[in-house]
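Enquirer: In my numbering, the protein residues as written are 18 to 98.
Worth double-checking, as some hints may not be accurate.
To be verified - Here are the simulated DMTMM-like cross-link-like pairs (lysine to aspartate or glutamate), alpha carbons at most 25 Å apart as the crow flies:
1. Lys34 / Asp69
2. Lys34 / Glu55
3. Lys34 / Glu52
These are computed hints drawn from the structure, not numbers from a lab. From a predicted model like this one, the values you see are computed outputs, not experimental measurements.
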Amino acid sequence: MEPPTCLLYLLTVGREKELVLRVHDTGLSRQQLSEWMETGAVHPLTVSRSGDDQTSTLLINFSHVVGARLALYSDGRSTSF
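Just need the whole structure built from these sequences, with the hints factored in.
Expert: Take a look at the structure:
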């Protein structure tokens with residue numbers, strides 16, 4: 018399995034903590050995230066969990082996302098703000 022291309026931090030309606038996704042899709046950009054949130058798009062992303070050797074497709078309803086940020090993927094420890 019190829020390593021993740023980035024980390025995606027999502028803050029959704031009704032949650033206090035961000036959901037952290039290891040994204041394996043190429044070309045994910047802030048512009049795309051902004052457009053998906055603005056239009057309330059439901060979009061599939063290829064993701065994996067920490068320690069897993071498999072990816073899965075996760076459908077995300079961006080109409081429920083109130084904040085999103087991208088970060089570079091690193092094998093080291095990561096923190097969430």
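Enquirer: If a hint holds in the structure, say so; if it does not, say that too.
Expert: Checked hints:
1. Using a Cα cut-off of 25 Å, the hinted pair Lys34 and Asp69 holds, with the two alpha carbons roughly 22 Å apart.
2. Proximity of Lys34 to Glu55 is assessed by CA-CA distance (about 21 Å); at most 25 Å being required, the pair is judged to hold.
3. In summary, the hint linking Lys34 to Glu52 is supported, as the alpha carbons are separated by about 23 Å, within the 25 Å threshold.
Every hint, counting from the list given before, is met by this structure.
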